[in-house]
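Enquirer: Can you make the complete structure from the sequences, with help from the hints?
Top to bottom, those sequences are chains A and B.
With the numbering used here as the guide, the letters of the first sequence map in order to residues 1 to 87.
With the numbering used here as the guide, the letters of the second sequence map in order to residues 1 to 187.
One or more of the hints may lead you astray.
[What the hints assert, rightly or not] Here are some chain A residues pointing at chain B (derived, C-beta under 7 angstroms): (1) Arg-9; (2) Leu-48; (3) Leu-66; (4) Ser-70; (5) Leu-78.
[As the list claims (entries may be wrong)] Some chain A residues well away from chain B (every beta-carbon gap over 12 angstroms; in silico): (6) Phe-25; (7) Lys-26; (8) Arg-28; (9) Leu-29; (10) Ala-32; (11) Leu-33; (12) Ala-36.
Please keep in mind that the hints were generated in silico from the structure rather than gathered at the bench.
Built from N, CA and C at the ideal position, the CB exists for glycine as well.
Chain residues, written in single-letter form:
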Amino acid sequence: MSKLRKSCRQATYLLGKKEEGQLTFKERLVLALHLALCDMCRLFEKQLNFVRRNAKQLHEHTHHQLPQQSKQKIKAALKDAGEGGTN
Amino acid sequence: MEDSFSLQPDKWVDNYADKLYTYAMARVANAGAAEDIVQETFLSAWKARDTYNKLASEKTWLYVICKNKITDYYRRQPKFTVPLNTGEEDVYFDQTDHWTESTRPQNWPIDYHGTMERKEFYKILYLCKSKLKEFQQRVFALKYLEELGSDEICDTLSISKENYWVLLHRAKLHIRACLEKNWLHIK
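Expert: Put into structure tokens, the structure is as follows:
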């Protein structure tokens, strides 16, 4: 128990379970105690929460181009499927 | 408003191929798979065009199909077990399992709840995600992009809860350190 209390490795691991409400009673205690004493692990939690709130829009702020060859292939496939391409 | 919620399959590739590809690239670890997913999305959409009910925009409808294709892709992947004792976390912690002097989280000079220069953040986030091992990328995508819970993620990836917590822990450690270094240029 006293070993766990001191472990940043264990605390950062438990934070994943905390987000899902899946800590056991003992784990909850260990983690709360650790976070109360460790500003680095509190920062870790805060920063990962920041990532969690913002990551979802990743595809709206990055841009990848489907290779031209792929586009032609898909167009051809759609045309085949539709016997003319339009409905 | 007429035609705003109708399908124009002949324009799909020109209008949406890059968008769906970008969406898939954020979620799967390799470009070939992302290409296949986009192709499957359009072909499935074409086959299902009669079921389009005009309740959502064409774009939203295509994204939903794409999302399902991505989940299918994950489910098709060979099952795996995560090696638990690889020591992958060791670089972050010292012998007593504390942060090391060089890996301890630093203060980020950002407003955690405010607006920010997004373009750079997302560019680096994509880079950091791409540097993760493939299994960790899947966990990252399903938790942080798809916002699924642990039960659904374990089911989709056919992994145990124990493996999931370990993968998540590693992904978080790597992503955080990578952002700190490459986005915020700290130390």
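Enquirer: So, for every hint listed, does it hold in this structure?
Expert: Consistency of the hints with the structure:
1. Arg-9: Result: holds, 4 angstroms to nearest chain B Cβ.
2. Leu-48: Holds. Min distance 5 angstroms.
3. Leu-66: For Leu-66 (chain A), the interface hint holds, since the closest Cβ of chain B sits about 4 angstroms away, which is under 7 angstroms.
4. Ser-70: Holds, about 5 angstroms.
5. Leu-78: holds (6 angstroms)
6. Phe-25: Non-interface label on Phe-25 (chain A) holds, nearest chain B Cβ at 17 angstroms vs cutoff 12 angstroms.
7. Lys-26: Given a closest Cβ separation of 16 angstroms, the condition holds.
8. Arg-28: Correct as stated: the minimum Cβ-Cβ distance to chain B is 15 angstroms, above 12 angstroms.
9. Leu-29: holds (18 angstroms)
10. Ala-32: Check passes; 18 angstroms lies beyond 12 angstroms.
11. Leu-33: holds (15 angstroms)
12. Ala-36: holds (16 angstroms)
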